[in-house]
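Visitor: Chain by chain, the residues:
Protein chains: 2
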Amino acid sequence: MTDATAILDTRSLVDALKLVDVVREAHHIPILAVAVANFDDKPHLKATDLDQELTVFLKATRTGEFQVAIDPPTAITAFGNSTGAATVSLDDGAAYITTSQVAVRGPKGIDLNDFPTLNTGKPVHRFTIAEGKLHAALQAVRFAISTEETRYYLNGVFLTAVDGEMALVATDGHRLARHLMEMPYDGPQVIIPAPTVYTLQHLVKRDGDAPLSATIGVVAAGKGHAGKDTHAIVVDGDSWHLKSRCIDGTYPKWEVVMGKAVDAIGGAPTIRATVTQAHVSRLPKDNSWRPTTLDPDAGTMRVRNDYDEDVVEMPLKGTGAAFCFNAHYLRQLVGAVGDVEFTGSAPDAPFIATPKNPKTVVVQMPMKVPGKKG
Amino acid sequence: MTDATAILDTRSLVDALKLVDVVREAHHIPILAVAVANFDDKPHLKATDLDQELTVFLKATRTGEFQVAIDPPTAITAFGNSTGAATVSLDDGAAYITTSQVAVRGPKGIDLNDFPTLNTGKPVHRFTIAEGKLHAALQAVRFAISTEETRYYLNGVFLTAVDGEMALVATDGHRLARHLMEMPYDGPQVIIPAPTVYTLQHLVKRDGDAPLSATIGVVAAGKGHAGKDTHAIVVDGDSWHLKSRCIDGTYPKWEVVMGKAVDAIGGAPTIRATVTQAHVSRLPKDNSWRPTTLDPDAGTMRVRNDYDEDVVEMPLKGTGAAFCFNAHYLRQLVGAVGDVEFTGSAPDAPFIATPKNPKTVVVQMPMKVPGKKG
Chain A
1 MTDATAILDT RSLVDALKLV DVVREAHHIP ILAVAVANFD DKPHLKATDL
51 DQELTVFLKA TRTGEFQVAI DPPTAITAFG NSTGAATVSL DDGAAYITTS
101 QVAVRGPKGI DLNDFPTLNT GKPVHRFTIA EGKLHAALQA VRFAISTEET
151 RYYLNGVFLT AVDGEMALVA TDGHRLARHL MEMPYDGPQV IIPAPTVYTL
201 QHLVKRDGDA PLSATIGVVA AGKGHAGKDT HAIVVDGDSW HLKSRCIDGT
251 YPKWEVVMGK AVDAIGGAPT IRATVTQAHV SRLPKDNSWR PTTLDPDAGT
301 MRVRNDYDED VVEMPLKGTG AAFCFNAHYL RQLVGAVGDV EFTGSAPDAP
351 FIATPKNPKT VVVQMPMKVP GKKG
Chain B
1 MTDATAILDT RSLVDALKLV DVVREAHHIP ILAVAVANFD DKPHLKATDL
51 DQELTVFLKA TRTGEFQVAI DPPTAITAFG NSTGAATVSL DDGAAYITTS
101 QVAVRGPKGI DLNDFPTLNT GKPVHRFTIA EGKLHAALQA VRFAISTEET
151 RYYLNGVFLT AVDGEMALVA TDGHRLARHL MEMPYDGPQV IIPAPTVYTL
201 QHLVKRDGDA PLSATIGVVA AGKGHAGKDT HAIVVDGDSW HLKSRCIDGT
251 YPKWEVVMGK AVDAIGGAPT IRATVTQAHV SRLPKDNSWR PTTLDPDAGT
301 MRVRNDYDED VVEMPLKGTG AAFCFNAHYL RQLVGAVGDV EFTGSAPDAP
351 FIATPKNPKT VVVQMPMKVP GKKG
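Chains A and B, in that order, give the protein sequences. Final position of the first sequence in our numbering is 374; the numbers increase by one with none missing. Final position of the second sequence in our numbering is 374; the numbers increase by one with none missing.
Treat the hints with care, since some could be wrong.
All copies of an identical chain are treated as equivalent in the list; a pair is satisfied when it fits inside any one copy or across any two copies.
[Stated by the list, open to error] Result set (SDA-like, lysine to any residue): computed pairs, CA atoms no more than 25 Å apart in a straight line: (1) K18 with A278; (2) K133 with P188; (3) K108 with E309; (4) K59 with H202; (5) K42 with G93; (6) K317 with T77; (7) K42 with L112; (8) K285 with N305; (9) K317 with T87; (10) K356 with F143; (11) K108 with P315; (12) K253 with V218.
Simulated from the structure, these hints should not be mistaken for laboratory data.
Whenever a hint applies, use it, and build me the whole structure from the sequences.
Guide: Rendered as structure tokens:
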């Protein structure tokens, strides 16, 4: 085994290391802090954070079959500016990777048999989706994912169906984003964890139309285990394979929240206002939680400072009474979905934000309008 | 006064605010946290941190004469994407700045008479220098400025003369950088504080050849004041005016350090090695203080990990025994002055680094070579 070597393009190796580094964590368990390169019939790099496992396939010419651990940050920096071929071999059980310009050794003493396998259970549903479509859908909802750990079941994106059409949903209780996918779905409803969503956004090309294959699995609770069956999701791109646990919990009845907002507004909103990317680019950054008052009848959007004085004022198009959001939520919303039209029935009732793409709808709860009694 | 207004180009206003924001500090004394716009015969913006005061001149059409305080972060964000004209006026004593897209009000309640004036004393020496020349000179030495506050007199760049030629020097005790300016100097020796050096690097164009005018002043110690006279420096660009205190202290005898290093090496160094930008780009970033061994006779540069194992190895050109620097210092040095040739007399004696520009010389103290007894 010691004279086994693999030769591959240095650029591709660096690109693959950068991808798997997204799921790797600086961990005190050595095997979780590294990427494992496997030179077998289907050479690949893999890394895991126990909840996700990412495999990126490599094109390599090899003699023999072997595995080595690689420290992605060291290798990415060392080989980052290199071109040409890299040769991977074993030196006393550890990686020895050389190009004409630089060599990287180790890390040593890592038992590759410790690499944990993520059980994705029994496949129960499969579907395919174009890269660009998945990217746009995740982009449209991920800003609304909750980061509050007590309601852990909100820490991801809910994959579900609306009248048989696949839909993604995310909410943190203050805003709720729903995106319709224009494709049928009759598989299980699962909650895809936020870190997996971010990994997918790294892997998937924004403008790609290559088909991705997704599989939902059911992981049986172990014998004598108090829990119930859980779900996992596997997504395959042309050169990568991502496995992830799903969040084990019950997603709240988001349709009720959205339904109530839609019903309250009815077909005839009394308040309308258009918020653009130019608007949010001008909002102060230093205290992004400060109230931003949208006052369509006055034709202005106003931001107050900590002393309750208006400091920034912009023209606003719309009709109806003044309402208010914090600057941070406005920035995230418009950053994710572009210009939106807000419609509402009253300043203290939920607003609906509609972007240019009508497949995305966001419900957002207003703040109390500053300076207003009540 | 209340109907006084000034009209100016929004882009120029934002550019000027960005410049003065470099010396402004988020301070609990309101007047130090803002920029003051003065619309008089020579309209300008100014800001101070008590040690430096920067004035940037504005082109404005005005009616009346007035002053207002502006909060740079709010105004920069609000007007950042705007073009066309901005109108500045007074609203209840506070700024009211409008463009066609956005208006900024306040801050209110700031007494502009509180703006402190930096006393730069009696001018004792004047010289002119081209922008690009000053930029290159500061760039060549500033990496070596000490950040350790106990030896406060090292927290700046020393302006001095070597055989009548103007020179800049910086050192933190581990390395010493000296740059000869190719122009005569017979003025006072002063220590220009690091923050002033950074402000100058923001103001001065790297490739500019406009002449800057510099004045050294002597500030008399106040009557009954225990201290002695101190120095100040004033630099004038075509559209700005920077005043700064100099550090009140005695710069160490840097020529002795440099002279000893040069003498020890003599004309015949026993160690030579060339370190390039490609080398430093490949050094691990995660622990930048780790030892980097330069081993010219073995033809390699090697970086160790925390377990004393070599992890990155690169070809190195040179002759002589192995010596060692930390990766951070190598990165800073080569980042500042480009590729260098190190010459030395012994692995534990000071090394001299010579960049392509022979007007810059750096003396650098080596570390103990890891794994070597002694």
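Visitor: If the cut is 25 Å between Cα atoms, do K42 and L112 qualify within a copy, between copies, both or neither?
Guide: Within. Shortest intra-copy distance 17 Å satisfies the 25 Å Cα cut-off; inter-copy 72 Å does not.
Visitor: Go through the copies and call it for K59 and H202: within, between, both or neither, with a Cα cutoff of 25 Å.
Guide: within (20 Å within a copy, 47 Å between copies)
Visitor: I want to check one pair: K42 and G93. Are their C-alpha atoms no more than 25 Å apart within a copy, between two copies, both, or neither?
Guide: Answer is within: at 21 Å inside a copy they meet the 25 Å cutoff, but 73 Å across does not.
Visitor: Are the CA atoms of K18 and A278 at most 25 Å apart within a copy, between copies, both, or neither?
Guide: between (33 Å within a copy, 20 Å between copies)
Visitor: Have a look at K108 and E309 and pick one of within, between, both or neither, based on CA distance no larger than 25 Å.
Guide: between (61 Å within a copy, 9 Å between copies)
Visitor: With identical chains treated as interchangeable, where does the CA-CA distance between K253 and V218 reach 25 Å or less: within a copy, between copies, both, or neither?
Guide: within (22 Å within a copy, 75 Å between copies)
Visitor: At most 25 Å between CA atoms: does that hold for K285 and N305 within a copy, between copies, both, or neither?
Guide: within (12 Å within a copy, 40 Å between copies)
Visitor: Cα distance capped at 25 Å. Does K356 pair with F143 within a copy, between copies, both, or neither?
Guide: within (17 Å within a copy, 50 Å between copies)
Visitor: Can you give me the call for K317 and T87, within, between, both or neither, at a CA distance of at most 25 Å?
Guide: Between copies only: 23 Å across, 61 Å inside.
Visitor: Within, between, both or neither: how does the pair K133, P188 come out at a Cα-Cα threshold of 25 Å?
Guide: within (20 Å within a copy, 68 Å between copies)
Visitor: Between the shortest in-copy and the shortest cross-copy C-alpha distance, which are at most 25 Å for K108 and P315: within, between, both, or neither?
Guide: between (62 Å within a copy, 22 Å between copies)
Visitor: For K317 and T77, with the copy left unspecified, which applies at a CA distance of at most 25 Å: within, between, both, or neither?
Guide: Classified as between; 21 Å across copies, 49 Å inside a copy.
Of the hints listed earlier, there is not a single one the structure fails to meet.
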